[in-house]
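> As a plain string of letters, each chain reads:
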Amino acid sequence: MNWEVIFKYLPQLAQGAILTLELVAIAVLAGLILALPMGIARASRHWYVRALPYGYIFFFRGTPLLVQLFLVYYGLAQFESVRKGPLWTYLRDPFWCAVITMTLHTAAYIAEILRGAIQAVPPGEIEAARALGMSRFQALFYIILPRAARIGLPAYSNEVILMVKASALASTVTLLELTGMSRTIIARTYMPVEIFFAAGLFYLLIAFVLVQAFRLLERKLRVDALQGR
Amino acid sequence: MTLDLYGFGPALAAGALMTIKLALSALTVGLVLGLLGALARTSSIKPLRWLGGTYSTLVRGVPELLWVLLIYFGTVNLMHALGELFGKPELELNAFAAGTIALGLCFGSYATEVFRGAILAIPKGHSEAGMALGLSKGRILWRVVLPQMWRISLPGLGNLFMILMKDTALVSVIGLEEIMRRSQIAVTASKQPFTFFMVAAFIYLGLTIIAMIGMHWLEKRAGRGFKRSAA
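Chains G and X, in that order, are what the protein sequence lines are. Just so you know, full-length UniProt numbering puts 113 at position 113 of the first sequence, and the rest follows in order with no gaps. Just so you know, full-length UniProt numbering puts 98 at position 98 of the second sequence, and the rest follows in order with no gaps.
No lab work stands behind these hints, which were simulated from the structure alone. Take these hints with a grain of salt, some might be off.
[Claimed, not checked] Computed beta-carbon distance windows for the label pairs:
# : chain 1 : residue 1 : chain 2 : residue 2 : range
1 : G       : Ala25     : X       : Ala132    : 55 to 61 Å
2 : X       : Thr28     : G       : Trp47     : 37 to 43 Å
3 : X       : Phe202    : G       : Phe141    : 37 to 43 Å
4 : G       : Leu29     : X       : Leu58     : 26 to 32 Å
5 : X       : Gly9      : G       : Glu127    : 55 to 61 Å
[As the list claims (entries may be wrong)] Coverage of chain X stretches by chain G, computed from C-beta distances (three or more under 8 Å per stretch; other residues unrestricted):
# : stretch
6 : 53–66
7 : 69–82
8 : 185–194
9 : 204–210
[Unchecked claim] Sample of chain X residues with no beta-carbon within 12 Å of chain G, all distances over it, derived:
#  : residue
10 : Leu5
11 : Met18
12 : Leu48
13 : Ile119
14 : Ser127
15 : Glu128
16 : Arg143
17 : Val145
18 : Phe197
19 : Met198
20 : Val199
21 : Ala201
22 : Gly214
23 : Arg224
Think of the CB as a built atom: it goes at the ideal place given N, C-alpha and C, for glycine as much as any other residue.
I would like the entire structure built from these sequences, with the hints used as guidance.
See below:
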């Protein structure tokens with residue numbers, strides 16, 4: 001193991017790690033916003049409300065993220081209307097393509113987490129809210145969603161960690177995040193073991209910090225106590 | 001979209017076959033590693049527990065793609081040294097072997113936790129009963145613990161297998177001609193990226209659906225004997 005090489009390229013790897021964090025941060029937040037209406041619709045009692053999010057979730061969970069990324073980055077360029085459209089500035093930029101794909105992908109998973117969480121809210125609490133004269137929307141916003149947020153938080157934290165790892169795929173569309181940066185450095189130094197080792201340590205560090213942060217948040221929101229544990 | 005897929009149909013079918021082969025071989029490696037990991041994790045020997053824990057934590061914390069790249073490019077020197085030892089200096093890990101090892105390693109690290117949970121879920125009285133009957137430790141493991149562990153962990157393993165099926169796409173990065181790589185080749189020749197990546201997506205969707213049906217069947221089969229004995 002050549003430690004000198006690792007130390008020499010540490011700043012560049014850190015730069016890649018920052019891009020990784022940027023990608024993940026935007027994706028998991030935008031994904032959450034996108035997943036909210038989908039998760040609520042997915043928990044609906046009416047099949048026609050459930051059908052569309054179900055199809056979306058089925059596609060995005062059943063196909064590899066790599067395929068989705070290539071569909072957005074290379075695939076959309078097949079259509080003349082997209083190339084001439086107003087969104088082309090974003091769709092030909094690998095950063096935005098990665099962000100869009102990761103958001104769409106993670107939204108499908110988060111929507112499923114939300115559905116599970118919404119359905120896990122004790123029915124008695126919803127009935128109590130309705131008995132107090134709350135409308136359906138009031139019950140949703142004041143009772144069901146805050147409760148579901150706490151129930152779904154542990155699963156959401158898992159999803160965030162998974163997205164950190166999934167972000168490595170962005171390197172396949174020429175983005176210089178942690179993995180992409182490592183591959184560039186390796187092309188220069190021919191030292192795959194050292195550089196990938198260092199990149200692996202960065203991923204472990206990011207995952208560790210995120211796990212601790214979520215643990216803190218869970219304690220603050222008293223997730224354990226609320227789940228009767 | 002024309003139905004003959006610009007003549008790439010057979011190539012894509014061959015790619016799908018390669019994907020299935022890769023998934024099954026990685027599954028085999030992963031199940032063995034997962035079992036070893038779980039036995040180490042639940043062992044009464046402290047260094048073994050530590051080893052199993054380190055394996056599952058380290059592998060799960062690093063992206064699958066990085067493992068594929070690390071094992072494919074990182075073992076060149078190692079394979080070279082091994083080759084010289086056996087008089088075959090050209091020895092190299094091909095993409096299929098590297099993919100199998102990398103994906104198997106990742107599957108195994110998750111399977112370790114699934115198996116561990118299953119082992120812990122088996123009532124302690126069962127192995128105590130085995131001991132009271134005079135069975136050896138090995139026989140208790142083989143006859144009492146493993147059959148129950150297998151049944152309990154099947155749903156978890158099914159999920160992991162679905163994830164593995166999708167992760168096989170990563171091996172296209174090191175050039176193995178599975179669905180993803182074949183689609184990329186078709187895209188280069190036909191200039192129809194959306195068409196071919198969409199076709200790839202639907203092949204993966206089909207494969208995961210088949211895997212899902214297979215897992216349901218396996219779960220039902222494994223649960224059958226259990227229900228009968230419980231009644």
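> Against this structure, judge whether each hint is valid.
Checked hints:
1. Hint check: G:Ala25 to X:Ala132, Cβ distance near 56 Å, so the stated range 55 to 61 Å holds.
2. In this structure the hint that X:Thr28 and G:Trp47 lie 37 to 43 Å apart at CB holds, the actual value being about 40 Å.
3. In this structure the supplied range 37 to 43 Å holds for X:Phe202 paired with G:Phe141, their Cβ-Cβ distance being about 39 Å.
4. Taking the beta carbon of each, G:Leu29 and X:Leu58 are about 28 Å apart, inside 26 to 32 Å as hinted.
5. As the Cβ distance of X:Gly9 to G:Glu127 is approximately 56 Å, the hint placing it in 55 to 61 Å holds.
6. Counting residues of the stretch 53–66 of chain X whose beta carbon lies closer than 8 Å to any beta carbon of chain G gives 7, which reaches the threshold of three, so the coverage claim holds.
7. Requiring three or more residues with a Cβ within less than 8 Å of a Cβ of chain G, the coverage given for the stretch 69–82 of chain X holds, as 6 such residues are present.
8. For the stretch 185–194 of chain X, the proposed coverage by chain G is satisfied: 5 residues have a C-beta within less than 8 Å of a C-beta in that chain, meeting the threshold of three.
9. Counting residues of the stretch 204–210 of chain X whose CB lies closer than 8 Å to any CB of chain G gives 4, so the stated coverage by that chain holds, three being the minimum.
10. Distance check on X:Leu5: its Cβ is at least 14 Å (rounded) from any Cβ of chain G, clearing the 12 Å threshold; non-interface status holds.
11. Distance to chain G confirms X:Met18 as a non-interface residue, since its nearest Cβ pair spans about 15 Å, more than 12 Å.
12. Against chain G, the non-interface label of X:Leu48 holds: every CB pair exceeds 12 Å, the least being about 22 Å.
13. Even its closest Cβ contact with chain G, about 22 Å, leaves X:Ile119 beyond 12 Å, as expected for a residue assigned away from the interface.
14. With a closest Cβ-Cβ approach of about 27 Å to chain G, X:Ser127 is found to remain outside the 12 Å limit, as its non-interface label requires.
15. The beta carbon of X:Glu128 sits about 28 Å from the closest Cβ of chain G, which is more than 12 Å, so the claim that it is off the interface holds.
16. Listed as a non-interface residue, X:Arg143 keeps its Cβ farther than 12 Å from every Cβ of chain G; the least gap is roughly 35 Å.
17. The beta carbon of X:Val145 is kept farther than 12 Å from every beta carbon of chain G, the shortest such distance being approximately 27 Å.
18. Annotated as non-interface, X:Phe197 brings its C-beta within 12 Å of a C-beta of chain G; the closest such distance is 5 Å.
19. Remark: the non-interface label on X:Met198 conflicts with the geometry, its nearest Cβ contact in chain G lying 7 Å away (cut-off 12 Å).
20. For X:Val199, the non-interface assignment is contradicted: its Cβ lies about 10 Å from the closest Cβ of chain G, within the 12 Å cut-off.
21. The claim that X:Ala201 is not at the interface with chain G is violated, since a C-beta of that chain comes within 12 Å of its own (minimum 4 Å).
22. For X:Gly214, the non-interface assignment is confirmed: its Cβ lies about 15 Å from the closest Cβ of chain G, beyond the 12 Å cut-off.
23. The beta carbon of X:Arg224 sits about 28 Å from the closest Cβ of chain G, which is more than 12 Å, so the claim that it is off the interface holds.
Hint check: violations occur at hints 18, 19, 20, 21; the rest are consistent with the structure.
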